[in-house]
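These are the residues of each chain, in order.
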Amino acid sequence: MTIRDGLFRENPLIARLAGLAPALMVSTHLIYGFVIGLGVVVVSLASTATLYPLRRYLLSRSALTASFLVMATYVTLFSRVLELTNPYIHDKLWIYLPILAVNCVILYSTRLRGESFGEILAGGFGRALGYAGALLFISALREILAFGTLSFSLSLEGGQVVTLLPGGPLRLVGHLAGGFMLLGYLRALYQKQTMNSTREGEET
Amino acid sequence: MREFRDLAVVALIALVAVLLVVLVHWMTESAVSAHREMRFQRAVASLSGDTTPGSPERIDTGSLGRRIVLEEGGALYEVIVTGYREELRFLVALDRRGEPTGVALLRDAESPRYDQFLRDPEELLALLQGRREPTELGAGAMVTLNAMSEGVVVAGRHLRGE
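From first to last, the protein sequence lines are chains X and C. Going by the working numbering, the first residue of the first sequence is number 1, and it counts up by one from there. Going by the working numbering, the first residue of the second sequence is number 1001, and it counts up by one from there.
Looking at chain C on its own, in the form it has when it is part of the complex (with noise of 0.2 Å):
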């Protein structure tokens, strides 16, 4: 009897443990999003203005100061990627020849991860200029997101630029 009380106590918080978590993400997601959605829309909006050769445009990822370059005619693109915790979104810029020119993590710009997205550029371009599906990706476009666990590209957005 004990052991079957002290079973259904430690099924019990279980059980109110994981509503109670539930309950307060489903209530919060839309206000964390929006959050979310805010900082990457303020850091794109930092590209006011028109390019000029030779002194080309600095694009503030809004974390201490790590900067990408948009050259003149080149395209800003928005990666989306999916790891093991989170999704996490990066501004990519390519120059006029579709090269990238600089990959930022909108969030934790400082952070190496942003090296090694840039594995299969060529992968990511595709995905990037529309022509490859996001699912059809293959392992050239996981990304290692940190050591523990890897990511996959999973949508591209145009942003600015040709």
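Only chain X is shown next, with the shape it has when bound in the complex (with noise of 0.2 Å):
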């Protein structure tokens, strides 16, 4: 599995559905959505990283028990850092920075499928990359809509919020119902999209 993969043709959040908790309940603002994907990739690319020299120790019954040590203490280094760096998001993030440690993205990727470590490496790296770009657009456009707004830091003494169409013309998609909402058209768009590349593909 290549970088490109990962990032469009198996996105794991608009293909697979994988890691709805996250992209639905803290998706509502720009900024919500970068830092759990900068979480997905970071505990990803780490957890890999370290979990490969260890494989060969480790049966396949005790590799699931591994992966869920590492990840949980990437995570929860990773949390630390957030708090020190901005208490603000980490605070608004609560539960779904945490529950990381078993995100299934990251959880996939230390699964060490394939032979070297650049090819694992790359096929948990193009995965955590597509999620952390769905996310992101999808964060993106749910703050547009519900929020007319784009926010690009926030703090307690307010951030960096851009205003682009004041009030927000559509509540409902800052909303769960509405995030899922939003995240069913996406997904049917990608399927019409994967239907027409295999129609040609069969044509030609």
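Source of the hints: derived by calculation from the structure; they are not laboratory data. There could be a bad hint or two in this list.
Sample of chain C residues with no beta-carbon within 10 Å of chain X, all distances over it, derived [claimed, not checked]: (1) Leu1020; (2) Gly1073; (3) Ala1075; (4) Arg1097.
Looking from chain X toward chain C, a few residues come up when the C-beta cut is under 8 Å (computed) [unchecked claim]: (5) Thr65; (6) Ala66; (7) Leu69; (8) Ala72; (9) Ser79; (10) Arg80; (11) Leu82.
Partial chain X-side listing against chain C, Cβ under 8 Å, derived [what the hints assert, rightly or not]: (12) Val70; (13) Thr73; (14) Thr76; (15) Leu77; (16) Pro87.
Cβ atoms here follow ideal geometry from the backbone N, Cα and C, with glycine treated the same way.
Assemble the dimeric complex from its two separately framed chains, guided by the hints.
This is the structure we're talking about:
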């Protein structure tokens, strides 16, 4: 699996509908999507790099336990760094930051399928990047539609927020139900695109 | 032999993970505490100047515009509550009769949890006015922090007013 596959063809969020809890609950502002996406990329890469040299010593039945231990450690460290740098966002992300430790996108990356380290790392990176990219896109779309703004940074003092559509034309998208609906539309567009590509491939 | 090695590796990962997390928490605890204290003091410091009859001073808790009101002759208290995850700090405003006029969770005053905080104002008031030790508080002082757990008031501190 290449990085490109993870970004588009096998995008974890749009194509596989993986990691939905943080994706839908905190993707109401661009910056929240960015932080969760960054967490997935960082923890995925760090966990894969840590587990790769240990895989020859682990039996398959212990691999999952080891993955959870390593992922939980990196998520805790990531959470602590965020708390130090921006406690406001850390508080807002609440439980959705710690549960990155059981995020299936990261978990799948640490399954270490493939031969070379580079191949495994590229696959995991592609998936994590695809998830982060889709999350960033959904967050931006939801924030613009629901609140009419784009938040590049948030803090107790206010942060950097750009107003694009004052008031927000579609408040529903800011709620969970609206998030599901938006994801459904994106998924439908993805399916349509995939079907077109398959049909074109069959015709040629 | 292979099973023993597998077990040893998992145990080693667990040990390193715990040590690493404890070490990082220990190294950063003072910085995080200082940050929390600074935010709290900033919210308290916004209560500057005299209150004027008819125009109660407003306390911006720094959380998306949610505010509590300190009326003339009222008092402001800090209340610390322990929850299942962490310690939460509230600002509690009382009027001149000692009735609570507003409660705000400093970190996230948008949360509906602060309403449940006042499940038993009398119990809370006893703590705030020093008539009761925090450890003596009964079930009435228990506050619902979220759907998963409950917390208990552990300390109160007078900040401003009478």
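Violations among the numbered hints, reported as their numbers in ascending order: 1, 9, 11
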